[in-house]
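Q: Protein chains in written order, with this note's numbering: chain A, 1 to 294; chain B, 1 to 178.
No lab work stands behind these hints: they were computed from the structure. Backbone N, C-alpha and C fix where the C-beta goes; we use that ideal spot for every residue, glycine too. Keep in mind that a hint or two might mislead.
[Claimed, not checked] BS3-like cross-link-like pairs, simulated, lysine-lysine; straight-line CA separation at most 27 Å:
| hint | chain 1 | residue 1 | chain 2 | residue 2 |
| --- | --- | --- | --- | --- |
| 1 | A | K188 | B | K71 |
| 2 | B | K46 | A | K242 |
| 3 | B | K35 | A | K154 |
| 4 | B | K46 | A | K154 |
| 5 | B | K95 | A | K219 |
| 6 | B | K52 | A | K154 |
| 7 | A | K116 | A | K106 |
| 8 | B | K35 | A | K242 |
| 9 | A | K189 | A | K39 |
| 10 | A | K189 | A | K132 |
| 11 | A | K101 | B | K46 |
| 12 | A | K39 | A | K121 |
| 13 | A | K242 | B | K37 |
| 14 | A | K117 | A | K132 |
| 15 | A | K132 | A | K154 |
| 16 | B | K178 | A | K219 |
[As the list claims (entries may be wrong)] Label-pair restraints from in silico Cβ distances:
| hint | chain 1 | residue 1 | chain 2 | residue 2 | range |
| --- | --- | --- | --- | --- | --- |
| 17 | A | E69 | B | D114 | 15 to 25 Å |
| 18 | B | L122 | A | D60 | 41 to 51 Å |
| 19 | A | K188 | B | S27 | 49 to 59 Å |
| 20 | A | S41 | B | N99 | 35 to 45 Å |
| 21 | A | K188 | B | M125 | 47 to 57 Å |
| 22 | B | N126 | A | G185 | 37 to 47 Å |
| 23 | A | K189 | B | L150 | 21 to 31 Å |
| 24 | A | P30 | B | Q58 | 52 to 62 Å |
Below are the chains, spelled out letter by letter.
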Amino acid sequence: MKITTLTLALLALPVAHALAADATYRDMTPFLDYGKSPKASDDAKHTNTWQYWKDNKNLDTKRVNDLTEFWTVNWKYRDAPYDDTLHGGHDAQDRGEVLYKQLNAKGEFATCMGAKKGNLKGLRLAYPRFDKAMGGVIGMEARIEACAAKQGMKLENGSYDNTAVSVYITAFSNQMPLKIDVSKGPLKKSFERGKTLFHMKAGWTNFSCATCHVSFVGKGLRGQIPTTHYGDIGHWPTWRSKDELQSLHVRFTECNRNAGVQPLKIGSPEYNDIEVFMTALSNGAPVTAPSQRD
Amino acid sequence: MKKTLLALAALSLTAGYAAQAADALPSNILYDATKEKKTLWPLPVKNSGELKYNEHRQDLSKWPTLSYEDKRPTRKPETVTLQGPLNGNAENGKKIAMNTQRGNCWACHVLPGDPQGGTGGLPLMNVGTWGYTDAHIYQQIWDRRVANPLAEMPPFGSNGVLSDQDIRDVVAYLQSLK
Numbered sequence: 001m002k003i004t005t006l007t008l009a010l011l012a013l014p015v016a017h018a019l020a021a022d023a024t025y026r027d028m029t030p031f032l033d034y035g036k037s038p039k040a041s042d043d044a045k046h047t048n049t050w051q052y053w054k055d056n057k058n059l060d061t062k063r064v065n066d067l068t069e070f071w072t073v074n075w076k077y078r079d080a081p082y083d084d085t086l087h088g089g090h091d092a093q094d095r096g097e098v099l100y101k102q103l104n105a106k107g108e109f110a111t112c113m114g115a116k117k118g119n120l121k122g123l124r125l126a127y128p129r130f131d132k133a134m135g136g137v138i139g140m141e142a143r144i145e146a147c148a149a150k151q152g153m154k155l156e157n158g159s160y161d162n163t164a165v166s167v168y169i170t171a172f173s174n175q176m177p178l179k180i181d182v183s184k185g186p187l188k189k190s191f192e193r194g195k196t197l198f199h200m201k202a203g204w205t206n207f208s209c210a211t212c213h214v215s216f217v218g219k220g221l222r223g224q225i226p227t228t229h230y231g232d233i234g235h236w237p238t239w240r241s242k243d244e245l246q247s248l249h250v251r252f253t254e255c256n257r258n259a260g261v262q263p264l265k266i267g268s269p270e271y272n273d274i275e276v277f278m279t280a281l282s283n284g285a286p287v288t289a290p291s292q293r294d
Numbered sequence: 001m002k003k004t005l006l007a008l009a010a011l012s013l014t015a016g017y018a019a020q021a022a023d024a025l026p027s028n029i030l031y032d033a034t035k036e037k038k039t040l041w042p043l044p045v046k047n048s049g050e051l052k053y054n055e056h057r058q059d060l061s062k063w064p065t066l067s068y069e070d071k072r073p074t075r076k077p078e079t080v081t082l083q084g085p086l087n088g089n090a091e092n093g094k095k096i097a098m099n100t101q102r103g104n105c106w107a108c109h110v111l112p113g114d115p116q117g118g119t120g121g122l123p124l125m126n127v128g129t130w131g132y133t134d135a136h137i138y139q140q141i142w143d144r145r146v147a148n149p150l151a152e153m154p155p156f157g158s159n160g161v162l163s164d165q166d167i168r169d170v171v172a173y174l175q176s177l178k
């Protein structure tokens, strides 16, 4: 057998170089034009499905029930008020309330989380954020773990109880639009890193996140149809109908495995950066908690 | 770079890749070297503040990850020349193509007998009538990036996923679809 190794993918080279100082070559799925201040409605320039899912009070019933069109409503038919069924996310919210009241008995936990005068309304919108004490950009669940430890309670990031507290806190921001600013500072750098990671190929498949959610968006992958990567963050954490309460990072480990990619530890800087990237792409879309998804 | 290898060398190439990878694993992957499959995944347990870690069905640490510590490059596109007669087993090739844990071709391609074939790639219902040579199809499966640097199809040969004989079998199966 004769093997000639070619140097190809010139387009991707500058991107790969930007990430690693020693310029490890990695294949990339080409970037979309994300601009400096991305928002959910930018999907109009991508899959152009935003028009169908921007208002989940008025989803098109025909579209929701069509096997080839349902992906265009971006799963929003699973959110209240379109869907008001009782599910495991509500159990988690109740569990979160019990834990929160234990944690916040002295009022310190809420302050540690960044709530003003103990008011949880809008707190979810402050995450992910740069956290000097924690050494970088973090998601809300990492902060819950750290603040719970100060109260003597172990709430491992990604565990059911950590995520339950996250659902409880998140629900106070229900229907409020996400709004993280990635135009400057540490979040801008995190956004850029997350953008690169989202398009970087990995695993036995040599797939990136963007392989399915950009290149194959709307295509059938044996019964599953990948949806847009815009407007997805408002419903996290979520109750998966396979009976599992998942934080966003736990979901990332599942995405990785589905794509044949080695998963990373929950709370890893890489997952934080992808969270920042995806949250920016959800700016303007509302928080919906508790939520459920397939 | 140009190398001439024996056809059998494809397998040892795969093994070499894995051995090289084990030396440079990032510290922040979900991995336990003492477990059979090594790759782990986290399961939230109801009303618990701790995660349970289960073994994934295969060791995924052998390929580049998304960790910032990972210095392993993407394997470069490989141009291969099919040597000798095809000697492919179409029946075995079908099993590889329609096995989610092996070729998993049906994830993206429509194949006969699969009512939910994917639409990410071309439908292959009658690919045997398209007039492609065995060598062409062999190259596409080994590494489609040679034809298109931005191809999203897994490089089954270059990434050590399927062996030389596996790919010969899949080529024989695809050529039988008429």
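Q: Each hint needs a verdict: does it hold in this structure or not?
A: Going through the hints against the structure:
1. A:K188 to B:K71: holds, 24 Å
2. B:K46 to A:K242: Within the cut-off at roughly 13 Å; holds.
3. B:K35 to A:K154: Given pair K35 (chain B), K154 (chain A) holds - Cα atoms ~26 Å apart, limit 27 Å.
4. B:K46 to A:K154: holds, 14 Å
5. B:K95 to A:K219: holds, 24 Å
6. B:K52 to A:K154: holds, 14 Å
7. A:K116 to A:K106: holds, 15 Å
8. B:K35 to A:K242: OK: K35 (chain B) and K242 (chain A) at ~26 Å, within 27 Å.
9. A:K189 to A:K39: holds, 17 Å
10. A:K189 to A:K132: holds, 15 Å
11. A:K101 to B:K46: holds, 19 Å
12. A:K39 to A:K121: holds, 22 Å
13. A:K242 to B:K37: Since the Cα atoms of K242 (chain A) and K37 (chain B) sit roughly 24 Å apart, the hinted pair holds (cutoff 27 Å).
14. A:K117 to A:K132: Holds, at about 21 Å.
15. A:K132 to A:K154: holds, 22 Å
16. B:K178 to A:K219: holds, 25 Å
17. A:E69 to B:D114: 15 to 25 Å: Holds: the Cβ-Cβ distance is about 22 Å, inside 15 to 25 Å.
18. B:L122 to A:D60: 41 to 51 Å: violated, 31 Å
19. A:K188 to B:S27: 49 to 59 Å: With Cβ atoms ~27 Å apart, the hint is violated.
20. A:S41 to B:N99: 35 to 45 Å: holds, 42 Å
21. A:K188 to B:M125: 47 to 57 Å: holds, 48 Å
22. B:N126 to A:G185: 37 to 47 Å: Because 56 Å falls outside the window, the suggested range is violated.
23. A:K189 to B:L150: 21 to 31 Å: holds, 27 Å
24. A:P30 to B:Q58: 52 to 62 Å: Distance hint for P30 (chain A), Q58 (chain B) is violated at roughly 29 Å.
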